Every structure is written in structure tokens, then in C-alpha cells.
Amino acid sequence: MPDVSTAAQSRIRPLGRGSSFGGLFATLLIHVSLGALIYFAHVKSPPPIEVPRDLIVTKLVALGKPREKFWLPRIVQPPRPKAPPDVLKLSDDPNAPVAPKEAPKLEDADLSKEMRRALKRAQMLAHALEEPAEGSLTGSPLGTSSQGVAGDAYATLIDAAIRSHWVTPVGLITDSELAGLVAKVRISISEEGALSNPTVKQSSGNPYFDDSCIQAVKATGKVPPPPAKYKHLLLTFDGSKLGR
Amino acid sequence: MKTHPLTFGILFTVILGTTPARAQAPAAAEVEDLPQITITDPNRDLFRLALPNAIGDGDLAARAAETERRNLEVVGLFRVLDPASFPDSLVKEGLGFSSDLWTQVGAQGVAKLRAVHEGGNVVLEGRLYQVGRGENAVLAKTYRGSELRPLVHQWSNDVIQHFTGMRGVFGSRIAFAMTGKSGEVATIGMDGQELKVVTKMKSQCLLPALSPSGGWIAFNSYLRGGADLWVVSSSGGRARHISERPGLNTGPAWLPGSTTLIATLSFEGNAELYKLSAADGKILARLTNSPGIDVSASPSPGGDQIAFVSDRQGTPQIYLMSSAGGNARRLTFQGNYNQTPRFCPRKETPLVAFTGRDERGVFDVFYYDLRSGKIERVTQGRGSNFDPTWSPDGRLLLYASSRGGLWMMNLQTQREFQIYKGGAKNPSWGPPPPDFR
Chain E
6 MPDVSTAAQS RIRPLGRGSS FGGLFATLLI HVSLGALIYF AHVKSPPPIE VPRDLIVTKL
66 VALGKPREKF WLPRIVQPPR PKAPPDVLKL SDDPNAPVAP KEAPKLEDAD LSKEMRRALK
126 RAQMLAHALE EPAEGSLTGS PLGTSSQGVA GDAYATLIDA AIRSHWVTPV GLITDSELAG
186 LVAKVRISIS EEGALSNPTV KQSSGNPYFD DSCIQAVKAT GKVPPPPAKY KHLLLTFDGS
246 KLGR
Chain X
725 MKTHPLTFGI LFTVILGTTP ARAQAPAAAE VEDLPQITIT DPNRDLFRLA LPNAIGDGDL
785 AARAAETERR NLEVVGLFRV LDPASFPDSL VKEGLGFSSD LWTQVGAQGV AKLRAVHEGG
845 NVVLEGRLYQ VGRGENAVLA KTYRGSELRP LVHQWSNDVI QHFTGMRGVF GSRIAFAMTG
905 KSGEVATIGM DGQELKVVTK MKSQCLLPAL SPSGGWIAFN SYLRGGADLW VVSSSGGRAR
965 HISERPGLNT GPAWLPGSTT LIATLSFEGN AELYKLSAAD GKILARLTNS PGIDVSASPS
1025 PGGDQIAFVS DRQGTPQIYL MSSAGGNARR LTFQGNYNQT PRFCPRKETP LVAFTGRDER
1085 GVFDVFYYDL RSGKIERVTQ GRGSNFDPTW SPDGRLLLYA SSRGGLWMMN LQTQREFQIY
1145 KGGAKNPSWG PPPPDFR
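In order, the protein sequence lines correspond to chains E and X. Our numbering numbers the first residue of the first sequence as 6 and each following residue consecutively. Our numbering numbers the first residue of the second sequence as 725 and each following residue consecutively.
Warning: the hint list may mix true and false statements.
[What the hints assert, rightly or not] Reference excerpt, derived from the structure (chain X facing chain E, CB under 8 angstroms, subset only):
(1) PRO766
(2) GLY856
(3) PHE887
(4) MET890
[What the hints assert, rightly or not] Output of the computed footprint for chain X on chain E, the stretches with three or more beta carbons under 8 angstroms from beta carbons of chain X:
(5) 31 to 45
(6) 119 to 128
The hints are simulated quantities; they were obtained by calculation from the structure and are not laboratory data. Quick caveat, the model's predicted, so the values are computed rather than measured. Heads up, the beta-carbon is just placed ideally off N, CA and C, and yes, glycines get one too.
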């Protein structure tokens, strides 16, 4: 087996004079080149961008007199349109009868489709407005009531008091049955607020529902003293849960 | 008290009555002139029933009151008031009734009992009063018999009939497989009383099914190593072996009004449903022929249809077929593990209760409405509940639970009671008592 260390040593030549000069020159050339590169990269970099700014010089001065309105900018408004000749003028008699302008009729042959639709809608609205003066339980879709009625607060109080005692038996009346049950019960209220004589004036048709209404009044027993007008009341017990 | 945020739960109208009520006016006109208030959104609760202590012969009266209380509580229709809250004046009232006094304790109805021994028999008098219906009893009954409990059950059924129009089913019994140390078949009253162990197999018994007459119980037992079919008298005694074919002999169900059983047998290779004679186990017909396993049959009350479980489409699901077999259609498509279907015994309400496994891996009781095709959940969030069985009147569902024992729920009121606390599974509710109509 050949000696590896001996073979390696035989390939290493001793350094001669000619070879050391060439190497020194090459090393020097590389260092000079690198130095020149670094110089041009950093020392000769472009100058920083300077944003030109104008100097602002302020002087403190005393306030003078306010400028006259004539010199201030004005909003120029267009001239008001003139009133049409048939508009009631302030100088006219306000109680004088105004000659009604004849409205178009559905029967008119020259009406457009849109006009006919608008007239039909107006007729429907007119019907909706013809509701009873006292309103309905579900209210008017047009919201015609403009003010509350005295006594509402006491009615709310009675409602809350009786409703808290109104229990319908879940095992004896199903939810679907309950939704269709309404009973009217007449009650008396004493000056001290004692509820008495609950009487079914209109049965729901379900005895357990009617019983629950009577029991609710009896269980309530007493409410705060009522206003003078509340001697008797008609309570409508509605199982349809409109409030939900 | 519930209050609606928008309307405060009320719609009221007050009429200030521009015209004062006239003394001589007719009643209708007087009513119309009154200020009116409309009250909506009632509270919902059980009917509050007071059950004062029974009067009569000391211990007999006490037992009568206890049985009545238990009955009227578990049926889930009433909130039974605590007699401790009744004042002395009401306790001493006897069988009479004062509507105003009972109103004060919050009662809507009062049921009173008097139990005495008379000539070797027991005499039970019952009076039911309702607040707001005057001072006379709305129901008055007298019963005579040798034992007290059946008389109190009759009274309880009469009270339920008065309120709902349909008699109760107290007196009916439930068969179930005991779990724990004993694996025998037992029966119990629907009030959870009178436990009776009817087998002496000394091996695990499963899937008992009470016959339409209530006289027999078909069940599974592993006494001889395999799952075999047995029949035993519901009053107990020696069980009779009716099918010991190779493979499965399991899941017996009785066809209504007959002595024919429907059971799963696998002696031909695959588990299929067959009709068997309960007398000798002879095969009368093969009902299914599918590559899946067909088990857990439950015939409809008319006997013309059979609900069962099959995994023929991959997972156990509920199917419905004619009682002659064939033309099975799948009922359940929700969930991947539905089992133990049980037909409601009332023809008017075609419902099939079953056990379903939900997405959390919990078993609960559901029912499928054959009219609408919809599934309703019965139990939720209270352990695992399984093996439902209907009361003969179809108002109650009974099931086993991981909470232990047997539980009963009124489907209308959703009230649940534990009627048996011991280890139990596979309950089967028997026929109604003879006086049920």
C-alpha cells in the first residue's frame, strides 16, 4: 500500500523568487480596486435631496376696524317666483268660499294609466280614513291619533295588575286553541280600588279559559283607587297574544 | 310576568264614555258603554290543583291521599299544591268547599277524598271542585272494592277525563328489563309503584314486550347461550321457550289484537323480520329480504303497517312497510343512528317515537309525524334518553335514561317525572285498564 503522506509532500513545491513577486502584485491590485470601489460607492454618493422652502416671516400687528359689509362677499339669491294668480292672497277674505277645482274622474277616457292608479289609491286612502272615532284595537295604519286620552295610565296599571295573575292552564288548553280564545268580563271597582263581581259577558267557548279570566280578577283583588269614571270596566281577555 | 318591549304586552283602548251608562238601558248596551281594557299575553302554567289530606279511616285515608297525589303529579297535567300551605279552616272543611278560601291559596281546583272500610270492602268517595264554578262539586264519585289502589286509580282517571275529555290510563303496567345485579324482566305500575319481577331466568333478559291483552310478555334471554325468544305470563311463572333457531332470535313485538309476534331471525344467514306464532314459535311469514340488518319492529295501532330499523343504506334508520312485508320506505334522513321505533297506539295521532343520536353523540327521544313528515325532539340536554314507549292513550312517553331509571313525559306540557329509580331499560307499556274508553 503506498504511503499517502509521502506522495502529498512530493507535490508541494518550495516557494521560488519569481512566484512571490507575481502574487504580491496581484494582491496589491485587488486591494487598490476594492478601495476605489468603496470610495466611489460612499464618498461619491449623490447629494441629499433638499426640498426648497420659502421662508415665512410673520409680523405682529394690531387689529384694525372691521371692514364694512359692502366690501365683504355676498350670496346672491335668485329672485322669488311670482305667485300664481289663483292663490289666496293675504289681502283676500280667508272665509270666502274657494271655487273647487274639478278633480279628474276614473271614468275620463283621456286619463293615463298612472293617473288611474293614483286615483284608485286615493280612493282607498279615503276609505281607510273613515274609521271610528275611538280607534281600533290594532290601531290605524295611517296613525291618525294625534294625542293620548286621559285615563290611559290607570288602564295600563289595571292591565299590568290583572295580567300578572292571569294564568291559562297549559295542559288543558293547547297553544293553538289559546290563540283563538277571547272572553269579555265585566268587573266593578270600588272607590278604594277593590275589584269585585267579575262576570263573563261573552264566553270564549272554553270553560278553562273563562275560568282563568275570572280567577285572574279574583286573584288581583285590589288595585290603586280609580279615577271617578272607573266604576265598572269591561275587560277583554285575548289569548291570541297580540302583544308578542 | 312577561312583558313585550314594544307594546308592554298590552293593547288597550279606553272609551271615556261620552254617554253615561243609563240605569234602565239593556245589559248589552250597558256593557258597550263601559270603559274597556284588552288584556293579552297570558301566563302559561299547569292547572293548580289542591289535594288536601283525605278523611276517613286513618291509614287507609293516608294511603288514598298518597296514591292520588302521586297519580296526579306524574301525569304532568297539574301543579299539585302543597297541603302544608293550607290554613286550618280549609283542612277542617271535610268534603265541602268554599270557593273564596281556596282562591286565596292559589288553587284553581280541589280534589277531595274520603276512604273508609265498610263491610270488608273499601269505599272511596271523591269530590272535585273548581274555583269559579260555584260551591257544588263538578265531579262526585263513589267507588267500592276489595283493594284501595285500583279505586284511587279509577278516581284519578275520572278526574283526568273531567279535565281533558279522555280517561287516564292509571292501572296500566309497564314491562322492562332490569339492569345491574338482576337482569330479569319486571313490571311496574305507571305511577312507579307495585314493582313485580316476573322471570327467574338468572341471565340477562332484554326487549320485553307486553301482549295486547297484557297477559303475556315476550322477551329475549341468553339463558342457553344465544339470543333466544321466550314468553312468560305477566303475572310471573315459568317462561316458555319459543324460538332457538341458529343466530339471532330477537326483538319481539306483538301485532295488535293477536297472538302473533314479529321478530328478527337470522337462521337463513341475514337478520330479517318474520311473523311468528307466540304459541309455538312457528314462522308464519317472512317480511323483509334485504342485504342489511332488519330489527326492532313496531306495528301500527291498526296493524296494517310496521316501523322497523334497517341499515340497508349504510346507517341504522327508521323504515315503514306494510304488515304483509315489502315496499319499505325510509322515514328518517336526519342523523346517522336512529333506532327503536315505537308507533303511538292512538290511530288519530300517527306518530313514531324513536331513539336518535345527535351530532354530539348523545341519544335522545324524538318522534316522527307521519302526517307532516316532520321530526320533533322530545328530550334534550338531560343525559342520554332512549327506548321510548307510548302510554296507551298516546299522551305520555316513557323512556330509559342515563340519569338512571325510567322517566315519563307529558308531550303537551313537557313535564317530566322519574317514575322508577332502579336500573332499567327496554320499557314496553301495556294495554290500557279495562275501563278505558
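Hints versus structure:
1. PRO766: Hint holds; PRO766 of chain X Cβ to chain E Cβ min 5 angstroms, cut 8 angstroms.
2. GLY856: holds, 4 angstroms
3. PHE887: With a closest approach of 6 angstroms, the PHE887 of chain X hint holds.
4. MET890: violated, 12 angstroms
5. 31 to 45: It is violated, with 0 qualifying residues against the three required.
6. 119 to 128: violated (count 0)
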